Amino acid sequence: MKTKRQLLLIATAFAVCLPLAAQEDAVKLDPALHEYKAVSGISGNLNSIGSDTLNNLMTFWVEGFAKYYPNVKIQVEGKGSSTAPPALIAGTAQLGPMSRRMKAEEIDAFERKYGYKPRLIAVALDGLAVYVHKDNPVKSLSMQQVDSIFSSTKKRGGKDMSRWGDLGLTGEWANKPLSLYGRNSASGTYGFFKELALDKGDYKSSVKEQPGSASVVQGVEGDLGAVGYSGIGYKTSGVRALPVSFRAGAIAPTQKNTENFSYPIARYLYIYLNKDPVKGADPLVKEFIKFVLSKQGQEITIKDGYYPLNEKKVVENMALLEE
Amino acid sequence: MSEPVTVDPPRPPRASSFKVPAAVARRVRIADRVASVVIRLGGVFVIIVVAAIFVFVGREALPLFRSAQVELLTNAPLPAVGSEMMPRLVGIDEYETYAYRLNSTGTVQLTRLDTWQPWTNLPALSLQKHPASSAYRSPSKDHLYIGTADGYVLLAQIKFSPQYTANGRTVEARFSEDTLLKVSDSGSRVTHIFGRHDTGGKAHFAALCADGKLVVGSYLEGEDTKINTLPAKFTVPVTAFAIDGEGRKLLVVTDDGKLHHWFLEDTLEKPFAVYDAGSPTRKITALEWIIGNNAALLGFSDGTIEEWFGVREKEDDVLRPYKKIRSFEPLPKSVTAIVPSGRDKGFLAASEDGTVKLYFTTSERTLATVKAAERIEALCYAPKLTSFLAVTPSQRAGLWTVDNPHPEISFKALFGKVWYEGYDAPEYNWQSTGGSDDFESKFSLVPLTIGTLKGAFYGLLFAIPVAVLAAIYTSQFMSYRLRALVKPSVEIMAALPSVVIGFLAGLWLAPLMERHVISIGCMILIAPVLILLAVSAWHHMPTRWRTRIPHGMELTVILPLLVVAFLVAIQLGPWLEGILFGGDFRQWVFNVTGQQFEQRNSIVIGFAMGFAVIPIIYTISEDALMNVPTHFISGSLALGASRWQTATRIILPTASPGIFSAVMVGFGRAVGETMIVLMATGNTPILSFSPFNGMRTLSANIAVEIPEAPVSGTLYRVLFLAAILLFVLTFAVNTVAELIRQRLREKYKAV
Numbered sequence: 002m003k004t005k006r007q008l009l010l011i012a013t014a015f016a017v018c019l020p021l022a023a024q025e026d027a028v029k030l031d032p033a034l035h036e037y038k039a040v041s042g043i044s045g046n047l048n049s050i051g052s053d054t055l056n057n058l059m060t061f062w063v064e065g066f067a068k069y070y071p072n073v074k075i076q077v078e079g080k081g082s083s084t085a086p087p088a089l090i091a092g093t094a095q096l097g098p099m100s101r102r103m104k105a106e107e108i109d110a111f112e113r114k115y116g117y118k119p120r121l122i123a124v125a126l127d128g129l130a131v132y133v134h135k136d137n138p139v140k141s142l143s144m145q146q147v148d149s150i151f152s153s154t155k156k157r158g159g160k161d162m163s164r165w166g167d168l169g170l171t172g173e174w175a176n177k178p179l180s181l182y183g184r185n186s187a188s189g190t191y192g193f194f195k196e197l198a199l200d201k202g203d204y205k206s207s208v209k210e211q212p213g214s215a216s217v218v219q220g221v222e223g224d225l226g227a228v229g230y231s232g233i234g235y236k237t238s239g240v241r242a243l244p245v246s247f248r249a250g251a252i253a254p255t256q257k258n259t260e261n262f263s264y265p266i267a268r269y270l271y272i273y274l275n276k277d278p279v280k281g282a283d284p285l286v287k288e289f290i291k292f293v294l295s296k297q298g299q300e301i302t303i304k305d306g307y308y309p310l311n312e313k314k315v316v317e318n319m320a321l322l323e324e
Numbered sequence: 007m008s009e010p011v012t013v014d015p016p017r018p019p020r021a022s023s024f025k026v027p028a029a030v031a032r033r034v035r036i037a038d039r040v041a042s043v044v045i046r047l048g049g050v051f052v053i054i055v056v057a058a059i060f061v062f063v064g065r066e067a068l069p070l071f072r073s074a075q076v077e078l079l080t081n082a083p084l085p086a087v088g089s090e091m092m093p094r095l096v097g098i099d100e101y102e103t104y105a106y107r108l109n110s111t112g113t114v115q116l117t118r119l120d121t122w123q124p125w126t127n128l129p130a131l132s133l134q135k136h137p138a139s140s141a142y143r144s145p146s147k148d149h150l151y152i153g154t155a156d157g158y159v160l161l162a163q164i165k166f167s168p169q170y171t172a173n174g175r176t177v178e179a180r181f182s183e184d185t186l187l188k189v190s191d192s193g194s195r196v197t198h199i200f201g202r203h204d205t206g207g208k209a210h211f212a213a214l215c216a217d218g219k220l221v222v223g224s225y226l227e228g229e230d231t232k233i234n235t236l237p238a239k240f241t242v243p244v245t246a247f248a249i250d251g252e253g254r255k256l257l258v259v260t261d262d263g264k265l266h267h268w269f270l271e272d273t274l275e276k277p278f279a280v281y282d283a284g285s286p287t288r289k290i291t292a293l294e295w296i297i298g299n300n301a302a303l304l305g306f307s308d309g310t311i312e313e314w315f316g317v318r319e320k321e322d323d324v325l326r327p328y329k330k331i332r333s334f335e336p337l338p339k340s341v342t343a344i345v346p347s348g349r350d351k352g353f354l355a356a357s358e359d360g361t362v363k364l365y366f367t368t369s370e371r372t373l374a375t376v377k378a379a380e381r382i383e384a385l386c387y388a389p390k391l392t393s394f395l396a397v398t399p400s401q402r403a404g405l406w407t408v409d410n411p412h413p414e415i416s417f418k419a420l421f422g423k424v425w426y427e428g429y430d431a432p433e434y435n436w437q438s439t440g441g442s443d444d445f446e447s448k449f450s451l452v453p454l455t456i457g458t459l460k461g462a463f464y465g466l467l468f469a470i471p472v473a474v475l476a477a478i479y480t481s482q483f484m485s486y487r488l489r490a491l492v493k494p495s496v497e498i499m500a501a502l503p504s505v506v507i508g509f510l511a512g513l514w515l516a517p518l519m520e521r522h523v524i525s526i527g528c529m530i531l532i533a534p535v536l537i538l539l540a541v542s543a544w545h546h547m548p549t550r551w552r553t554r555i556p557h558g559m560e561l562t563v564i565l566p567l568l569v570v571a572f573l574v575a576i577q578l579g580p581w582l583e584g585i586l587f588g589g590d591f592r593q594w595v596f597n598v599t600g601q602q603f604e605q606r607n608s609i610v611i612g613f614a615m616g617f618a619v620i621p622i623i624y625t626i627s628e629d630a631l632m633n634v635p636t637h638f639i640s641g642s643l644a645l646g647a648s649r650w651q652t653a654t655r656i657i658l659p660t661a662s663p664g665i666f667s668a669v670m671v672g673f674g675r676a677v678g679e680t681m682i683v684l685m686a687t688g689n690t691p692i693l694s695f696s697p698f699n700g701m702r703t704l705s706a707n708i709a710v711e712i713p714e715a716p717v718s719g720t721l722y723r724v725l726f727l728a729a730i731l732l733f734v735l736t737f738a739v740n741t742v743a744e745l746i747r748q749r750l751r752e753k754y755k756a757v
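Those protein sequences? They're chains A and B, same order as listed.
Reminder that position 320 of the first sequence reads as 321 in the numbering used here, one-by-one numbering, no gaps.
Reminder that position 596 of the second sequence reads as 602 in the numbering used here, one-by-one numbering, no gaps.
Everything labelled a hint here was simulated from the structure, so no lab data went into it.
Note that the structure is a prediction, hence the values are computed from the model and not measured.
Treat the hints with care, since some could be wrong.
Unchecked claim - A short, non-exhaustive set of chain A residues, derived as facing chain B with CB atoms under 10 Å:
hint: 1; residue: 38
hint: 2; residue: 76
hint: 3; residue: 80
hint: 4; residue: 102
hint: 5; residue: 106
hint: 6; residue: 156
hint: 7; residue: 159
hint: 8; residue: 177
hint: 9; residue: 201
hint: 10; residue: 206
hint: 11; residue: 208
hint: 12; residue: 211
hint: 13; residue: 223
hint: 14; residue: 278
hint: 15; residue: 279
hint: 16; residue: 283
Glycine is no exception: its CB is placed at the ideal position from the N, C-alpha and C atoms.
Using the sequences and the accompanying hints, generate a full structural model.
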């Protein structure tokens, strides 16, 4: 275990030296993305039920989409990714935004009803961020520390942490208790963070479960000793997204680090569709996804604070839509 | 109701006073009877409705405790190609269209499960040059790990892809070889193999060669392949082993009943630990992982099955040594095969005599038992858990369908301490949903029940004194004019929607309380003391002054005092916090008790819930106090008792049954309250009675989790069960309260 500790030291040293200015780099859009072109004969209603992480983004996309098709009405409801599969199965929603992949159990339930699997389309990139209060002096965290902060199982082998002193802070911070903010269990972010950051461990029961991503960030903003996790799109000026790393080096959730998945808790955000393999997807749903994966759609992604997909990924997903 | 309702006949009017005309008397009697019937019918109707709700909710929750339904679908010889079928390998595809097996010369044979006819043979080309000697199938995704007679390992997958046409679905199958790796330089025969894939698609395998060497390896296309031979020499033959999906842990069982445990990332040189799991007479005959590759299942020669996983018993057990956690209902004979489910924490185990049992780890339940005619050699649990297949050495196979919707629930899983995977000790825990299939749902209702009682307790702690004392004051001492104003105002409080109270408590009161907790504490202490001082001072004042304020209007003097108390407390708070608690009370609480001072804590809930409950307790108590017959009061006063003596010794005891039921109705309201706790706590399902942290109540839990619960799923039904529990809780409290009230009433009737 000695080596691990040394690595940790190196990591911290790196973090101190590393200029964090790179974090402010503007997010770039892949120039190869295609413009969206409106087609004729599109009208009707759609419902979207699912992820809260994607809630704002869905709303923006719907607004952008409505500029092309004023007759289309799309309602967006975002209570958590786990609400998407039941809605898709019951047919109350045609779009199921999710911030995690469906569990096999959920796919089974869908398949029992329709005879085929739901279609998964990646629509944006997110560096799931670990936020602290803006005045918090902590520089970066290792994944083991993240696990020790949030989990009761400590599968990454760390020791229990309950005060900021355990993370190496000194002075008045040393004895300040860690106040934990997280999402409720309906959230895909909850499940994703649990799987990747806690190595499938369990949360401490003292994690305050917030109903939305925004309230996690709000909670951290108003609580000096707070630490919480939420999508990068919800970042505000009152909080700081900490660089996180597996081993050496502090890796900030920037576009580059997220795109090449060197940031350890990067993920795609998805929309699940009910696409009949014989009849194909509903034309309205198809146009909406085409819009989302277009240059205009991905510009909106940037505006909401998430990272856009590159051309390669877009082509991959368009193929999934068309095939 | 066939029998005419008997009602006490109206007492005959006293002859002397006046005579009621016969017609009027008859009308009164009829009206009396009709009213009595209607009221009774209404009562019966209410009982029927409540019972119907109970039955409906109960019907939703009851299937939780049902066993699995297992039915034999087919029992017939399984078609075979050649004689050399790999004995332990049998699989069912995800769509449950085929059963597949492998023979040693490189043919994968598919049999249709509906017609039981051979369907097609897929060639495994590598195996035609390197005949297979052992094979293993991972419980999901049809990954095959095949060892050959000349020291190679073939990693392959049978890919099943559905094709949809207008006529329905057909499933196509393809045998896809990933790689062929040489694991034994001497070309020694691979006698035993085990493997797993991680979520990124990387294969990890362990293979035992005939020369006694154990090889571990990993493979992912585009990455360096790693193959390592463990330096360990086993003096006793190895009987089984298992490697996890990350290539971190390796468990090896030897013939003397020892379990060897490696951490492969740490060192290959020697095992991290060796446990005496069995003995030379009680051998370990089967070893498998439960989904998640963390908990191991050990099957023994005496038919027992045990679950083991890593536990941190000391603070420095960073690599957790394994430990026996639980054992399951034993099989009649030696365990021949264990097959874990690929979706949940269940597994199948087969015995020497052909018995197959279906178990679930968390709930420790045996869900089904079936028996085949002879020893079972190979067993396969279909990926969607809707059927399983068992093959005997004589190549007969049985296919059973399984309907097992709620295996994770047992009485113990709901109300007992359960040792969950990865935990260091048994615990009560509520964590219903995870983001992956290998998540172990934790459905303990204990933290929620405790949370419910905790919320009600702190609510009543604040509400009872305030409401009851206020009721005594308004009914006995306040002037009628003031009372006509105060009582309706308090009753209006009851009309305030609880969501508004919850909203205010969560967003306004909680942050305020966090900043001024000492000041608020001071206020609670200072105000009564100041008032008591003022009252005794009042007594010593000259009568001239005292008569200036009319009876029942003393309140006007006390109100300014409250303002004074408030101002003093605001000033005193920070000063006291500086002197007693080092300037930061939250930090002090954490340092002294180790408990965190949460912003959304039970004190906030106490105030908010108290606010919701006060009007109920106040109104009912006040009515009870007002209903004390006036001749009691007049008698007491006439005999020279003071108003205070009359209130405490005559009125309060007489009204006590009413006050008691007021408190109980308030309790019922507090237990069922949802929105306030939902909005003003962090909804943390913790098991603690500390006033400085929050809670999650049964009702809030239902509100939080019902949107994500798939209809008729386990979580959905458990939430209904929580509703029943809530119902039982209030029902029990109300019944007890009613009994006590009756007794009190009996006791004071004589007064």
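Double-check residue 211(A) for me: the hint is only fine if its C-beta lies closer than 10 Å to a C-beta in chain B. holds, 8 Å
Against chain B, is residue 223(A) within 10 Å by beta-carbon distance? holds, 7 Å
Residue 38(A) as chain B interface residue, shortest Cβ-Cβ below 10 Å: For residue 38(A), the interface hint is violated, since the closest Cβ of chain B sits about 30 Å away, which is over 10 Å.
Hold the hint about residue 76(A) up to the distance rule: shortest CB distance to chain B must be less than 10 Å. Violated: closest Cβ of chain B sits about 16 Å from residue 76(A), beyond 10 Å.
At a threshold of 10 Å, is the proposed contact between residue 106(A) and chain B supported by beta-carbon distances? holds, 6 Å
Restraint satisfaction for residue 283(A) [CB to CB of chain B, less than 10 Å]: violated, 16 Å
Evaluation of the interface hint that places residue 156(A) against chain B, nearest CB under 10 Å: holds, 6 Å
Should the interface hint for residue 177(A) be scored as holding, given a Cβ-Cβ cut-off of 10 Å against chain B? holds, 7 Å
Quick check on the hint: residue 206(A) CB to chain B CB, less than 10 Å? It holds, given that the least Cβ distance between residue 206(A) and chain B is near 5 Å, below 10 Å.
Can you verify the interface hint for residue 201(A): is its Cβ closer than 10 Å to any Cβ in chain B? Hint holds; residue 201(A) Cβ to chain B Cβ min 7 Å, cut 10 Å.
Would the stated hint for residue 159(A) survive a check requiring a Cβ distance to chain B of less than 10 Å? holds, 8 Å
Is the interface hint for residue 278(A) satisfied, with its Cβ closer than 10 Å to some Cβ of chain B? holds, 4 Å
Hint violations for this structure: numbers 1, 2, 16, all remaining hints satisfied.
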